[in-house]
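K.L.:
Protein chains in written order, with our numbering: chain A, 71 to 270; chain B, 71 to 270.
Incorrect hints may have been included.
Note that the list lumps identical chains together, so a pair holds whenever it fits in one copy or between two copies.
[Claimed, not checked] With a straight-line Cα cutoff of 25 Å, these simulated DSS-like cross-link-like pairs (lysine-lysine) come out:
(1) K190 to K72
(2) K211 to K106
(3) K106 to K116
(4) K116 to K190
Hint data in this document are derived by calculation from the structure and do not stem from the laboratory. Note that this is a predicted model, so its numbers are computed, not measured.
Number of protein chains: 2
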Amino acid sequence: MKVYGDLQSGNCYKVKLLLAQLGLPHEWVHMNILEKQTRTPAFLSKNPNGKIPLLEIEEGVYLPESDAILHYLAEGTPFLPSERLHRAQVLQWLFFEQYSHEPYIAVARYIIRYLGRPEKHEPRLQEKMSPGYAALEVMEKHLAGRRFFVAEQYTIADIGLYAYTHVAHEGGFELSRFPAVEAWLARVKSQPGHITMSGE
Amino acid sequence: MKVYGDLQSGNCYKVKLLLAQLGLPHEWVHMNILEKQTRTPAFLSKNPNGKIPLLEIEEGVYLPESDAILHYLAEGTPFLPSERLHRAQVLQWLFFEQYSHEPYIAVARYIIRYLGRPEKHEPRLQEKMSPGYAALEVMEKHLAGRRFFVAEQYTIADIGLYAYTHVAHEGGFELSRFPAVEAWLARVKSQPGHITMSGE
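My request is simple: use the sequences and hints to build the entire structure.
P.N.:
Following this line, the structure appears as structure tokens:
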């Protein structure tokens, strides 16, 4: 297997984290987004949507979308529960992540960390704050009295949400307002085989 | 089963369409978004993220996120392929729909159709056009030479993408630029048991 990605992207890191915890050997092909390496004709022939991460399952067979990749890799492992409702809840949180969380928290971090918070993006950055905090609030309520997002076990729902939540401060979000989220972040970090965004 | 939703919302319609094609009896509870019925304490106790559709599987057991609901309902039916890679590709297109398609095409339609295209939203509306067309372009390329999105069979990937694509013109998008998409829309519409957004 081969993964095209950039470990500083939470969407890519979540795939690397699961691969590490599954102990699956793979080749990591670093892609530089700022240099538009995902927009070259060669890459677009692999993923017409021009996004990373991209999993190459076997030569010429490509799977994009970070959370679809997590689901594909986790099937049949303890990272995806076997009970039907639990599996649906894992997907519920992964769709929540991509629709209600990532577009605010990850994009705010992108504007600050990758783009260097240019003046012209300040209004866009400010628009991300309120919905980003709303997503963290939904997580806080859910995690109060729970150890993990689904079925009280560590699943790809946790991996998917951990990726950008643990660096939300880099997007200007104060995580100290969310004690249950902070306790959950520590719990995820302490799982066997955990690696950081630096790959350590 | 009970569904809280508004049929004029593509996210809700996709659930209704699958339920109809599966022949599953259910109660439909109409929710008015403009009257903020999804933001009441009663509804937030059912779905803390305050969004529809919401599936009530049995009394007190709720599943939000339209595409997680589709996946839950489709498991074990011909609407979700059995082969592992095909199932991953179905999820790929559902995540594409929620991340790269809905936030542009559905939101543009919302601004025009629900909000009446107020002047103050014009810049926001204009920002939706280019990424919305990019999503349609990705679909057009994929559908050239294919009948359906995955495994040459009608699946929830088609249902998920049909919901807002077939009303993209209400968001100001010219579908005539995308002949393969238009042919696919007609193909989806001709499936047994198809119902329209009016529920007919």
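K.L.:
How would you classify K116 and K190 at a CA-CA limit of 25 Å: within, between, both, or neither?
P.N.:
neither (33 Å within a copy, 40 Å between copies)
K.L.:
Checking K211 and K106: alpha-carbon separation at most 25 Å within a copy, between copies, both or neither?
P.N.:
between (38 Å within a copy, 21 Å between copies)
K.L.:
With identical chains, the pair K106 and K116 could be close in the same copy or across copies; at 25 Å between alpha carbons, which is it: within, between, both, or neither?
P.N.:
within (15 Å within a copy, 43 Å between copies)
K.L.:
Indicate which option fits the pair K190, K72 if close means a Cα-Cα distance not exceeding 25 Å: within, between, both or neither.
P.N.:
Intra 37 Å, inter 46 Å, cutoff 25 Å: neither.
Hint check: violations occur at hints 1, 4; the rest are consistent with the structure.
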